[in-house]
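Throw the hints in and build the complete structure from the sequences for me.
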Amino acid sequence: MNASETSVHRRSALRAGAGAALAGALAAGCTDGHGAADTSTKTSAETPADTPAATGKSDAGARPPAPRAAPAPHRFPGQPVQIDHGPRDRPRVALTFHGQGDPAVARAVLAEAERAHARITVLAVGSWLDEHPDMARRILDGGHDLGNHTQSHVDISAMGEAAAYAEITGCAQRLRRLTGSVGTWFRPSRSRYATPLVQRLARRAGYPHVLSYDVDSLDFTSPGAAAVTRKVAGEIRNGSVVSLHFGYADTVAALPVLLTEIDRRRLRAVTTTELLT
142 MNASETSVHR RSALRAGAGA ALAGALAAGC TDGHGAADTS TKTSAETPAD
192 TPAATGKSDA GARPPAPRAA PAPHRFPGQP VQIDHGPRDR PRVALTFHGQ
242 GDPAVARAVL AEAERAHARI TVLAVGSWLD EHPDMARRIL DGGHDLGNHT
292 QSHVDISAMG EAAAYAEITG CAQRLRRLTG SVGTWFRPSR SRYATPLVQR
342 LARRAGYPHV LSYDVDSLDF TSPGAAAVTR KVAGEIRNGS VVSLHFGYAD
392 TVAALPVLLT EIDRRRLRAV TTTELLT
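So for the sequence shown, this note's numbering puts the first residue at 142; every next one is plus one.
Worth flagging that the hints you see were computed from the coordinates, not collected in a lab.
All residues carry an ideal CB built from backbone N, CA and C; glycine is no exception.
Careful, some of the hints might be misleading.
[What the hints assert, rightly or not] Label-pair restraints from in silico Cβ distances:
(1) R229 to E255: 39 to 45 Å
(2) R333 to D275: 25 to 31 Å
(3) G284 to R345: 26 to 32 Å
(4) A374 to E415: 32 to 38 Å
Pasting the structure below:
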């Protein structure tokens, strides 16, 4: 079996496994384009072999090491304030997910990406982080980008300056509290592009760039996994930034096939930070 056949065989196995693993997790969709009941469990990686919990030795005075701070926003010289794609001369793409909804579905998306050695970008809603604070560290521990998608996912473009700024900083504060950083990106809610006012407010809040996208999967319309795959595969190219959502069964079902197609085209799915670096 050659390398190409091995990759397709591996991805086919992932698709079969994903369907069984997600049968219970996908019972509920998500509201406003985002998905999700936390079914997380601790893994052996969370209890290293040399810790007191693993060895049975008492170490009452020891404190666990503080988690390292997450990456801060980057300024990319030569890039516009509002970014909708990366360099067209490199075989990389960024899959970006609006973060809200059932965390079981979110974990399934992360697991599928990681099985394929892909990295994604998650723009989290602040109120979702309030309900599921462990998801912030789960995303970062998987090697993914984590950013800001406003506090309550309202139509930020229709808001006045004070209210819009509160939406941006509300989510930023939660990200900082959970990770030590305001996140690497800001994306406006309910809008593909940020207005000049929202761009200015995002800069004031610490985000040099606003993240848009050039490929819309339309997965939030629940068109079926095949339609999501066709839409993205028909438009994706070097440097593309793809808009997807946590919380939709179609998205999770489409992801292994989509990752196989990305691999077949000799593209790499990377974080948006990697895309632009």
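For the hint 32 to 38 Å, verify it against the beta carbon of A374 and that of E415. violated (21 Å)
E255 and R229 - C-beta distance against the hinted 39 to 45 Å: Since R229 and E255 have Cβ atoms about 27 Å apart, the given range 39 to 45 Å is violated.
In this structure, is the beta-carbon distance linking G284 and R345 contained in 26 to 32 Å? holds (29 Å)
Distance restraint hint 25 to 31 Å, applied to the beta-carbon atoms of R333 and D275: Distance hint for R333, D275 holds at roughly 30 Å.
When each numbered hint is compared with the structure, violations occur for hints 1 and 4.
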